[in-house]
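Take a look at the letters that make up each chain.
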Amino acid sequence: MSSPIRTIGHRPRARLLTACCALLIAASAGCQGTRPATQQNVATNQRSFTDGIGRTVAIKADPQRIISLAPNITETLFALGLGNRVVGVTSYCDFPAEAKTKEQVGDTIQPNLERIIALKPDLIVVTTSSQLEKLARQLDELKIPVYVTNPRSVREVVASIRSLGEVTGAGGRAEELAGEMDRRTRAVQGRVKDLPRPRVFYVLQNSPLITAGRNTFINDLINLAGGRSISGEETTDYPQFSRETVVARAPEVIVFPASHGTDLVNETDLRRDFTLTPAVRNNRLVRVTPDLVDRPGPRIVEGLEQLANALHPAGETKKDTAKP
Amino acid sequence: MMRQAEITGNPMSDAPAVNTRGYLTRRRAVFVIAMLGIVLVLACVVALALGSEYVAPNEILVGLWAKLTGAASPLSPEHEVITFGLRLPRIALALGVGATLALAGAAFQALLRNPLADPYVLGVSGGAALGSIVALMFFSQVAFARPLLGFAGAVAATFVIYLFGRREDDPARLILAGVITATFLSSIIAVLTSVAENVKLRNITYWLLGDLSSGNTQGIVFIAVATLIGAVVLVTQARALNLMMVGERDAFALGVETARVRWLVFITASLLTGAAVSAGGAIGYVGLTVPHLVRLASGADNRLVIPASSLAGALLVLIADTIARTAFAPRELPTGAITALIGAPVFVYLLLKSR
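Here the protein sequences come in this chain order: A and B. Mapping of the first sequence onto this note's numbering: position 237 corresponds to residue 237, and the numbering continues sequentially without gaps. Each position in the second sequence, counted from 1, maps to that position plus 1000 in this note's numbering.
Please keep in mind that the hints were generated in silico from the structure rather than gathered at the bench. Mixed in with the good hints there might be a few duds.
Said to hold, decoys possible - Listed below are several chain A residues computed to face chain B (Cβ distance under 8 Å; list not exhaustive):
| # | residue |
| --- | --- |
| 1 | Leu-195 |
| 2 | Pro-208 |
| 3 | Gln-240 |
| 4 | Ala-248 |
All residues carry an ideal CB built from backbone N, CA and C; glycine is no exception.
In isolation and in its complexed conformation, chain A is listed as follows (with noise of 0.2 Å):
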């Protein structure tokens, strides 16, 4: 395991020397010293693309070392057959399977640009969760190009999957994949759309008590599922929330995402401090997988269905139906 990162440990030092002294040179020629560099981009068949906060990325076609510096991002390039182009994950990235094997560059907040460098990327991608300001502008200068992805809702995702497909050459893939999310998202819609909107809470961790605000993607997900969050309006993305005003809003489903071993909630406790909800007194408490809701990846649809199915349990439908 050892012996493959100990052979690319010397080069990188002096491609890193290189780099430095081509930027002293390009800094001494002045600010026109990037302009070269574009042309051989054009020359080396690159092509510019719009990443997802706005930035313009030139990226060689068909990028061979990605590096993923989310877990969302390494599940969606698994799931477009591009596994074995991956070279560097987080130490988040635990799915697939597969991607445990992969060499660890960090974690999303902080990764560690040594190693990421080492590993010879030609396309970082990531969220902007990790330290993207620092982390894209050294890596700019080291014309190793990173492309931003930024999805806040569901429709986000489907549509990140498209470009990321776009970006490495793995379109039609992408197509199929985002074309299946659409059509799952749609059919949890169709049979939500008429039915009543239970007001939801959802339970990040239980002390302090933190829950999402309007700008999450937990509410996006919520409202889809034909639901309605309690804490809907909050302009923080995660609040420390009044248990009292859970009181009073009265959720009639409290929804929190549950693992095994690290839980952040507590459910006796949940159940003593809201007694009085009807959400516990109709004994409406759901657990969700936190992989599959926490991250804005292909499985986003299998949390949607999970989170429609526990607001919406099968039989509802009879019961309560507008339609004639």
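Based on these hints, arrange chain B on the given structure of chain A.
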């Protein structure tokens, strides 16, 4: 109990620490305690009436009266839960955390004869925080792991400080040992939180800022017991502490078992810190500023400073926590941020004034 002769008969009584406000009389002691008590009760009632959801104050008073007389509650079930199920436990927790932190601060300051001594500066809080974090990260399923490891951490930190800083009549050395311990422990916490899993890390960061929102019964019971034991032990040692503030050798010559008092007060103060930190997270500035405020207002006699500090500390944290949960409602702020926000300017004012 507060015999004046005990102090006036002391040949060292003109030492600056003791007579900033003249001698302590029983009347003044009773007056200060009673005033603080009344203000505290009023503050509790106000805090009970304030929150992100509006419950009419008269309704709350009627409900409170019904609670006290055992009558059926006139409140709607929702309002009943909001006021007595959510606000009241949180108020109780705030009072307990404030009282314990201020008691610990008063004890450390008297013992070490150093105005900067407090559980935070000495690293005792750091020990408690580390213990609680270890509990949070590795034993989150074990009952009582957090308060117990919090206690253990505080006592361990105290022991280390005592071991390395121990030298008769040299409090500066003890403070130095404390500062070093505090820095060391906060580095360990920084490392632990950096390697912690993403989600757990978030939990810890909130908690490190001080968090009373859970208002858990377990924490309240722990802290109530700790406050009572701590207050009783420290008040009984107050006279010995008065003499030791003048100088340990003189106190020893006057018949104070200085070594025993030192240990007893040190252990009690660490237990108080452990209880406060494990129940409410790392709330700063209370242990440091409250005893100073009390001394400024009513003199440096520990027989008054210790009990008055516990009441004033409870008051400060109650006010801070009420602001934390109402200022941006329904969003909540970390309580520790507000105590520091109030505490830091007060402390600067005190420093400038003491020139």
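Each hint tested on the structure:
1. For the restraint placing A/Leu-195 at the interface with chain B, the shortest Cβ-Cβ distance is roughly 26 Å, beyond the 8 Å limit, so the hint is violated.
2. The closest approach between the C-beta of A/Pro-208 and any C-beta of chain B is roughly 4 Å, which is under the 8 Å cut-off, so the hint is satisfied.
3. At its closest, the beta carbon of A/Gln-240 sits 4 Å from a beta carbon of chain B; the interface hint therefore holds under the 8 Å criterion.
4. Among the interface hints, the one on A/Ala-248 holds; its C-beta lies about 4 Å from the nearest C-beta in chain B, closer than the 8 Å criterion.
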